[in-house]
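Number of protein chains: 2
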Amino acid sequence: MRDPVGSRTGAVVEAIRRRLAVPGLAAGERLPSIRGLAASLGVSPSTVVEAYDRLVAEGAIRARPGAGFYASRPAAALALADAATPADRAIDPLWVSRQSLDAAPGMLKPGCGWLPAGWMPQAALRRALRDLARAEDPLLADYGEARGSPALRRLLSRRAADDGIDAGPDHVLLTASGTQALDLVCRALLRPGDTVLLDDPGYFNFQALMRAHRVTVVGVPHTPAGPDPARFAEILAAHQPRLYVANAAIHNPTGATLSPQVAHRVLTAAAAHDLTVVEDDIFADLEPEPSPRLAALDGLERVIRIGSFSKTLSASVRCGYVVARPDRIAALTDLQVATGFGGPSPVAAQLVHGILGDGSYRRHIDALRRRLSRARREVASRLADLGIVPWLVPRGGFSLWCRLPEGRDAAEVARAALAEGVVLAPGAVFSPSRSSTDFMRFNVAQMGEPRIYDVLGRALRH
Amino acid sequence: MRDPVGSRTGAVVEAIRRRLAVPGLAAGERLPSIRGLAASLGVSPSTVVEAYDRLVAEGAIRARPGAGFYASRPAAALALADAATPADRAIDPLWVSRQSLDAAPGMLKPGCGWLPAGWMPQAALRRALRDLARAEDPLLADYGEARGSPALRRLLSRRAADDGIDAGPDHVLLTASGTQALDLVCRALLRPGDTVLLDDPGYFNFQALMRAHRVTVVGVPHTPAGPDPARFAEILAAHQPRLYVANAAIHNPTGATLSPQVAHRVLTAAAAHDLTVVEDDIFADLEPEPSPRLAALDGLERVIRIGSFSKTLSASVRCGYVVARPDRIAALTDLQVATGFGGPSPVAAQLVHGILGDGSYRRHIDALRRRLSRARREVASRLADLGIVPWLVPRGGFSLWCRLPEGRDAAEVARAALAEGVVLAPGAVFSPSRSSTDFMRFNVAQMGEPRIYDVLGRALRH
Numbered sequence: 001m002r003d004p005v006g007s008r009t010g011a012v013v014e015a016i017r018r019r020l021a022v023p024g025l026a027a028g029e030r031l032p033s034i035r036g037l038a039a040s041l042g043v044s045p046s047t048v049v050e051a052y053d054r055l056v057a058e059g060a061i062r063a064r065p066g067a068g069f070y071a072s073r074p075a076a077a078l079a080l081a082d083a084a085t086p087a088d089r090a091i092d093p094l095w096v097s098r099q100s101l102d103a104a105p106g107m108l109k110p111g112c113g114w115l116p117a118g119w120m121p122q123a124a125l126r127r128a129l130r131d132l133a134r135a136e137d138p139l140l141a142d143y144g145e146a147r148g149s150p151a152l153r154r155l156l157s158r159r160a161a162d163d164g165i166d167a168g169p170d171h172v173l174l175t176a177s178g179t180q181a182l183d184l185v186c187r188a189l190l191r192p193g194d195t196v197l198l199d200d201p202g203y204f205n206f207q208a209l210m211r212a213h214r215v216t217v218v219g220v221p222h223t224p225a226g227p228d229p230a231r232f233a234e235i236l237a238a239h240q241p242r243l244y245v246a247n248a249a250i251h252n253p254t255g256a257t258l259s260p261q262v263a264h265r266v267l268t269a270a271a272a273h274d275l276t277v278v279e280d281d282i283f284a285d286l287e288p289e290p291s292p293r294l295a296a297l298d299g300l301e302r303v304i305r306i307g308s309f310s311k312t313l314s315a316s317v318r319c320g321y322v323v324a325r326p327d328r329i330a331a332l333t334d335l336q337v338a339t340g341f342g343g344p345s346p347v348a349a350q351l352v353h354g355i356l357g358d359g360s361y362r363r364h365i366d367a368l369r370r371r372l373s374r375a376r377r378e379v380a381s382r383l384a385d386l387g388i389v390p391w392l393v394p395r396g397g398f399s400l401w402c403r404l405p406e407g408r409d410a411a412e413v414a415r416a417a418l419a420e421g422v423v424l425a426p427g428a429v430f431s432p433s434r435s436s437t438d439f440m441r442f443n444v445a446q447m448g449e450p451r452i453y454d455v456l457g458r459a460l461r462h
Numbered sequence: 001m002r003d004p005v006g007s008r009t010g011a012v013v014e015a016i017r018r019r020l021a022v023p024g025l026a027a028g029e030r031l032p033s034i035r036g037l038a039a040s041l042g043v044s045p046s047t048v049v050e051a052y053d054r055l056v057a058e059g060a061i062r063a064r065p066g067a068g069f070y071a072s073r074p075a076a077a078l079a080l081a082d083a084a085t086p087a088d089r090a091i092d093p094l095w096v097s098r099q100s101l102d103a104a105p106g107m108l109k110p111g112c113g114w115l116p117a118g119w120m121p122q123a124a125l126r127r128a129l130r131d132l133a134r135a136e137d138p139l140l141a142d143y144g145e146a147r148g149s150p151a152l153r154r155l156l157s158r159r160a161a162d163d164g165i166d167a168g169p170d171h172v173l174l175t176a177s178g179t180q181a182l183d184l185v186c187r188a189l190l191r192p193g194d195t196v197l198l199d200d201p202g203y204f205n206f207q208a209l210m211r212a213h214r215v216t217v218v219g220v221p222h223t224p225a226g227p228d229p230a231r232f233a234e235i236l237a238a239h240q241p242r243l244y245v246a247n248a249a250i251h252n253p254t255g256a257t258l259s260p261q262v263a264h265r266v267l268t269a270a271a272a273h274d275l276t277v278v279e280d281d282i283f284a285d286l287e288p289e290p291s292p293r294l295a296a297l298d299g300l301e302r303v304i305r306i307g308s309f310s311k312t313l314s315a316s317v318r319c320g321y322v323v324a325r326p327d328r329i330a331a332l333t334d335l336q337v338a339t340g341f342g343g344p345s346p347v348a349a350q351l352v353h354g355i356l357g358d359g360s361y362r363r364h365i366d367a368l369r370r371r372l373s374r375a376r377r378e379v380a381s382r383l384a385d386l387g388i389v390p391w392l393v394p395r396g397g398f399s400l401w402c403r404l405p406e407g408r409d410a411a412e413v414a415r416a417a418l419a420e421g422v423v424l425a426p427g428a429v430f431s432p433s434r435s436s437t438d439f440m441r442f443n444v445a446q447m448g449e450p451r452i453y454d455v456l457g458r459a460l461r462h
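Just so you know, the sequences run in chain order A and B. Using the UniProt record's numbering, the first residue of the first sequence is number 1, and each one after it goes up by one. Using the UniProt record's numbering, the first residue of the second sequence is number 1, and each one after it goes up by one.
Just so you know, these hints were derived from the structure itself, not from any lab. Only a predicted model underlies this, so the values are computations on that prediction, with no experimental measurement involved. Some hints here could point you the wrong way.
[Said to hold, decoys possible] Here are some of the chain A residues that sit facing chain B, going by a computed Cβ distance under 8 Å:
#: 1; residue: D137
#: 2; residue: P138
#: 3; residue: A141
#: 4; residue: E145
#: 5; residue: T179
#: 6; residue: R211
#: 7; residue: G342
All residues carry an ideal CB built from backbone N, CA and C; glycine is no exception.
Sequences and hints are given; from them, build the entire structure.
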């Protein structure tokens, strides 16, 4: 083990380096205050002072007495990732995505965030493709409406009504993906330097996305009932954030479910501070019965719902959506035309509509939930043999958020497993404060292969 | 006719209002200097002074003596379009897109920027969909590689080689659309307040996109041989722009073709000022034989090629691409994962690959060029009967950039035609300086319906 104080400073140095590597950061740009950065990273001000001192010594930043710290050179305009470190070594928020998307054939991916292709509704997808081959000419060749397929928007409006959200088709905008839906909302609402709240731990790509928007992320500790409501209110008062991004139904990575009390307290605090909330619905179909929805409690006044079908239908057919007030939808539609000339592919929307509108999707989801329930039990039991224990038992979904035995460093375990052809998802990448270092997210649907447990056992002893 | 001086001030007032409506513009943000804005809009400094005075009187901006002009209130964070004007009245860079994409059934669209669905390779699309219904499971359900389908990237690399551009598959990134490809490049290279050069006239959505990036646009007068090279060099020296966005092969809207001499002068000036150039290849397949390519002359050192298949294959199957140096591609890939979790749909890429890789695409393009050549002649002759004359005779493509008779105001003609169910593309929306007010872009492939000419005749007499 390294000196814990030293490694904490090292983590802060890395966090500032990442900030310096943000696309387009100019020389002379002011860095966050010592107090502000200490709060956002969850470390003491003296740790930040030490980190800034180290970077001043390196020449990466400059101190102006009495006026703070400044970037001293133009960072690589194009670098979103840590430029100095090869991609397979830097355990940053893009690490898991990069390793999972570009895994060589034969790699095993218990760290990835989606289901195996064989668990998806293949027969329905193939039927929808054959139907599409008989569609009318304009559907196959035209751009389609700026807000996306009216039929799919009507269907999403009915699904919102089932969740107690009163949203007509004019409340719905289709996008190219769930991530792109969030990106569009961020472009419309945020400007560089704003503060955004993310769950800690939370989905790592939200951090990568916020880095692309050059905003400051503050983590809210997550509990089994949702964000810690007392800390949430304190952080709102202290940081005046512009946006909070939450998962609906099944939290990523913990599998936690929002309780009605926490939902109410979150919305009350949000109203008091005029905070906008994005609720990501992407895992909602995987929960056995509906849990509280911020969008339903709020009535879409300050909550924006986003989602996609990549976790339950197909990640290859790219289609996401935003459900929000019509005034927001109108502005987001213009923004999507300007930045993507539309975005929702009519062909993709028709495929999704063809499958969702068919009774087979409901049967697929029912079977999927049962299969995942079995897989969660089986994988939890095999992980227990290795001393790996889930933080909680999720009601649904494919993630188990587990503590490693004896405080092992998950990043080291992930590096050792990668060398043996297994992609894992180490805890720190989920954590805006870079804590959760002894946690790991496991995807139970990707863990049928016994070799995974052998590799994991060796990596833990590494 | 209105007082020309008054209307010029009015245009500048509108330009500043649009700037104030940029997403997220904060109160207290400094507006451009009088001299800078005058140069970028191509008007005299006294016109800008008059416009600023008018906005100060309205309370929209504040003057700080000796320190310039400032936004005096937070503009609507979400408004990209002119918030004060109903969408169907504001002739802004989003007008044509909005009217064309969301045209009611039965509307005629000589102003739109794409081919009718019946002109697209429908049989090949249907065959590719049926083939896809028999593809392997992962292609239909997985995210696919972060850079997009390797098969389509290899094919695009071979197409680049045909154009004299040495680019391996690691030089290629697939995106969700051509516009999204440009957006991604802008996000990586630009920061708010940077200056970008666009052709004047040029494709209107480039202006809308730059507005979303909060950069200052300077127009380069376009000639029948490309951008005016002398003005291009002067503007580079005066404004130090970060980026120039050009069309390859067939300029939108004029149909002009870049000459070898102009291409060389543009690249020489770009090198002297360290300017990056984006060359949009979207219309390239429509030209009868290849014209000079900036990317080929430059060897992808400072030129980035983008493109898509929306004009020649399908706009419903969304798939675009970037061809650039591998270091740029690596950074853009990270950025696309962060902001869209991938972006290129494997299903869409497979459809495009299935059609491009098949001899039928070449036959489709040959037939399309002949059909467009006939349509250009026929439409030019019918427009001549109305006194509407093309600025030049294009070598290919579907656009005719025409001057209206007697200096009629194209925006007024477009409003009158819209009332009769015909969407036109008035010249000013193509012009960063809001000139070209007596020009109109006509899409010859959308003008088979005789009623269009009746409506046009009435609108001209309006």
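For this session: Return the numbers of the hints above that this structure violates; sort them in rising order.
Result: none
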